[in-house]
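A.B. asks: Okay, here's what each chain looks like letter by letter:
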Amino acid sequence: MKKLMMALLFVFLLIALILGLQWGLSVARQQPSSQKGETLTFYNWGDYIDPSILSDFSKETGYKVNYQTFDSNEAMYTKIAQGGTNYDLAVPSDYMVAKLTKAGLLAKLDKSKLTGMDHVNPQFLNQSFERGNQYSVPYFWGTLGILYNKTKVDGSKLQNWSSIWSEQYKKRLLLVDSARDILGLTLISQGKSVNDQNKADLAAAQGKLSSLMPNVKAIVGDELKLYMAQGEADLAVTYSGEAKIAMEQNKDLAYTVPKDGSNLWLDNLVIPKKAAHKKAAYALINYLNRPDVAAKNADYIGYATPNQKAYQLLPKSVKSDKAFYPEQSILDRLQVYENFNQYWTQTYNDAFLEFKLGKS
Amino acid sequence: MNKTKKRFTEAYLGIYGLWLLAFVVAPLLLLLIQSLNVPGQGFSLANYRDFFTSGPYLAMTVNSIWYAFLITVMTLAIAYPLALCLTKLKHRQFWLLLVILPTWINLLLKTYAFIGLLGKDGLLNRALEGIGFGSSQLLFTNGAFLLVAAYIELPFMVLPIYNALLDIDPLLPAASRDLGASSWETLKKVIWPLSMPGVKTGVQTVFIPSLSLFMITRLIGGNKVITLGTAIEEHFLVTQNWSFGSTIGVVLIIAMALTMALTNDKQKKKRGGRK
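For the record, the sequence lines run as chains A and B.
Position one of the first sequence corresponds to residue 1 (full-length UniProt numbering), numbered consecutively onward.
Position one of the second sequence corresponds to residue 1 (full-length UniProt numbering), numbered consecutively onward.
Just so you know, these hints were derived from the structure itself, not from any lab.
Treat the numbers as computed from the prediction; the structure is a model and nothing was measured.
Quick reminder that beta carbons are idealized off the backbone N, C-alpha and C, glycines included.
There may be inaccurate statements among the hints.
[Said to hold, decoys possible] In silico PhoX-like cross-links for lysine-lysine, where the CA-CA straight-line distance does not exceed 20 Å:
{"hint": "1", "chain 1": "A", "residue 1": "Lys157", "chain 2": "A", "residue 2": "Lys171"}
{"hint": "2", "chain 1": "B", "residue 1": "Lys120", "chain 2": "A", "residue 2": "Lys3"}
{"hint": "3", "chain 1": "B", "residue 1": "Lys120", "chain 2": "A", "residue 2": "Lys152"}
{"hint": "4", "chain 1": "A", "residue 1": "Lys150", "chain 2": "B", "residue 2": "Lys120"}
{"hint": "5", "chain 1": "A", "residue 1": "Lys322", "chain 2": "A", "residue 2": "Lys150"}
{"hint": "6", "chain 1": "A", "residue 1": "Lys2", "chain 2": "B", "residue 2": "Lys188"}
{"hint": "7", "chain 1": "A", "residue 1": "Lys251", "chain 2": "B", "residue 2": "Lys120"}
{"hint": "8", "chain 1": "A", "residue 1": "Lys192", "chain 2": "A", "residue 2": "Lys171"}
{"hint": "9", "chain 1": "A", "residue 1": "Lys2", "chain 2": "B", "residue 2": "Lys200"}
{"hint": "10", "chain 1": "B", "residue 1": "Lys110", "chain 2": "A", "residue 2": "Lys2"}
[As the list claims (entries may be wrong)] Covered stretches of chain A, going by a simulated chain B footprint (3 or more residues, C-beta under 8 Å):
{"hint": "11", "stretch": "62-75"}
{"hint": "12", "stretch": "325-333"}
[Said to hold, decoys possible] Selected chain B positions facing chain A (Cβ under 10 Å, derived; list incomplete):
{"hint": "13", "residue": "Gly42"}
{"hint": "14", "residue": "Ala46"}
{"hint": "15", "residue": "Arg49"}
{"hint": "16", "residue": "Phe52"}
{"hint": "17", "residue": "Thr53"}
{"hint": "18", "residue": "Gly222"}
{"hint": "19", "residue": "Thr239"}
{"hint": "20", "residue": "Gln240"}
{"hint": "21", "residue": "Phe244"}
{"hint": "22", "residue": "Ala261"}
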């Protein structure tokens, strides 16, 4: 009994100690900010900014940045909706901007406080997920495409999405574990829209998709780039950003966007309604929009920048890379995801689940 | 029992009771309420009806149970002889430590290590090539999934069996041999029945978590093995249909309760034995 009480006491002391430390730390963190400059909380994807940009920003403006990360749009949505932390700047993808706007969780941007918006390529403004950019400023963009091993696969045979159905890729293909993307590319291959909300079209797409199973080696998540870099599979459907990372690790890999079109994804800077340091958030948006900063950031991350002036500053080899900055004819065929309601989200996911359950 | 001691017990029970209420009973209730609270329909059994009339979800349930069963059988087949050997060893505490050691390492790290082992250019394939078998596809197969899952669950099967075997009075097997039983008969008729409580605990601690494995199904199984764990993950993270995700959770809890009921001792016997 005595031992038990001692153990309990020990646990309580430990908890008290941890809480005390946490409180102490938060006080310590707040103190300098109350004296000089504010601390803004930047809620971004992991490793999605050149860290030196943040320290340069602090030096230049006096604002400190508390960088916090998330790993999925949905996780970010939940955190912002719950409102436990007041994030000052967040980076949702296209369809999530629509969802956040609809839920009234974003602050309307005061255009008079934004500078450098004219640097942004109009191609990436005024998208269907948020007309007029009242709430969002594009940060990076990319595509869905095919990552392949040049030594095993002839890239010239990957002209359109239907080519991945070819029998020669039996058990050689990896797919990213995402209902929207995989059904989307199937819909494109049938000449339909990635935002199709027609039951017959979806059923047809599901039928076609099920015949892809013999080619599918695995359906995986973030680890797809690792598998491709290790040569575990010969080709994979994935995002341009993920492809870039794999290509840096394995020189035999190449990335292509099929000519019949694809998904264009956009990550955007937004200010949540509950932000406590809006002035600092505007300062950071404007700083990130500066051509030299945006170019530096794009060079570090490797994703495509929507900032035209920054694009001009990039090295020639990057600018001419058709895989990441496709020519206009392909750009014109890219489609942005619209936010689905619960019913269609569910329908797409159920269709994908059935596809995954289908044994090859 | 004197008064202060009694007060201690009461205080302890109070704390424990509160703990149970806050972290066991309340979450279970929330899960149940969430599963019944269908968005747009209010309280209804719609989710349960959808679950039990949907082909894919029933297929996943069957998958989950089948794979959990296979994992349990595999770990039991490995763990029982292992535990038996352990009890006979001289420095058994040390050997036991080696069995438990892998549980100190993060699950994700262990899984990633297996990717390196089973990959196309992994250690195992290199070894196979070395002895002239040629490399073969190991990753993303059912076999690989079962192997990794069984490896991860193994310590949880070994420990209870080991403890149960240690609890057996050594005089009993000795007597059995004295009376003319062969080693095999002793094992079958004396040791095995006496170690049953440990086996049952082991089966529970392996079977139940195996029902809702999800990460290994994707990393090692390449989503070619789909269990209910995958579905729950998807409903909470992707479709954000927490209501239906909770329904699957409740179904799993019921399945687990059934497993407990089936494997539990009906008559609780008081076990003696050495400590």
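A.B. asks: The structure should be examined with respect to each hint, and the outcome stated for every one.
C.D. replies: Consistency of the hints with the structure:
1. Lys157(A) <-> Lys171(A): Since the Cα atoms of lysine 157(A) and lysine 171(A) sit roughly 17 Å apart, the hinted pair holds (cutoff 20 Å).
2. Lys120(B) <-> Lys3(A): violated, 53 Å
3. Lys120(B) <-> Lys152(A): holds, 14 Å
4. Lys150(A) <-> Lys120(B): holds, 17 Å
5. Lys322(A) <-> Lys150(A): Roughly 16 Å separates the two Cα atoms, so the pair holds.
6. Lys2(A) <-> Lys188(B): Not OK: lysine 2(A) and lysine 188(B) at ~43 Å, beyond 20 Å, violated.
7. Lys251(A) <-> Lys120(B): holds, 18 Å
8. Lys192(A) <-> Lys171(A): Roughly 27 Å between the alpha carbons, so the hint for lysine 192(A) and lysine 171(A) is violated.
9. Lys2(A) <-> Lys200(B): Violated, because 32 Å separates the two Cα atoms, which is more than 20 Å.
10. Lys110(B) <-> Lys2(A): violated, 39 Å
11. 62-75: holds (count 3)
12. 325-333: It is violated: at least three residues are needed, and the stretch 325-333 of chain A offers just 0 whose Cβ sits closer than 8 Å to chain B.
13. Gly42: violated, 15 Å
14. Ala46: violated, 13 Å
15. Arg49: violated, 15 Å
16. Phe52: Because about 15 Å separates phenylalanine 52(B) from the closest Cβ in chain A, which is outside the 10 Å limit, the hint is violated.
17. Thr53: Violated - the Cβ of threonine 53(B) stays beyond 10 Å from chain A, reaching only about 13 Å at its closest.
18. Gly222: holds, 2 Å
19. Thr239: holds, 5 Å
20. Gln240: holds, 6 Å
21. Phe244: Check passed: Cβ of phenylalanine 244(B) comes within 8 Å of chain A, closer than 10 Å.
22. Ala261: At about 29 Å, which exceeds the 10 Å cut-off, the nearest Cβ of chain A leaves the hint on alanine 261(B) violated.
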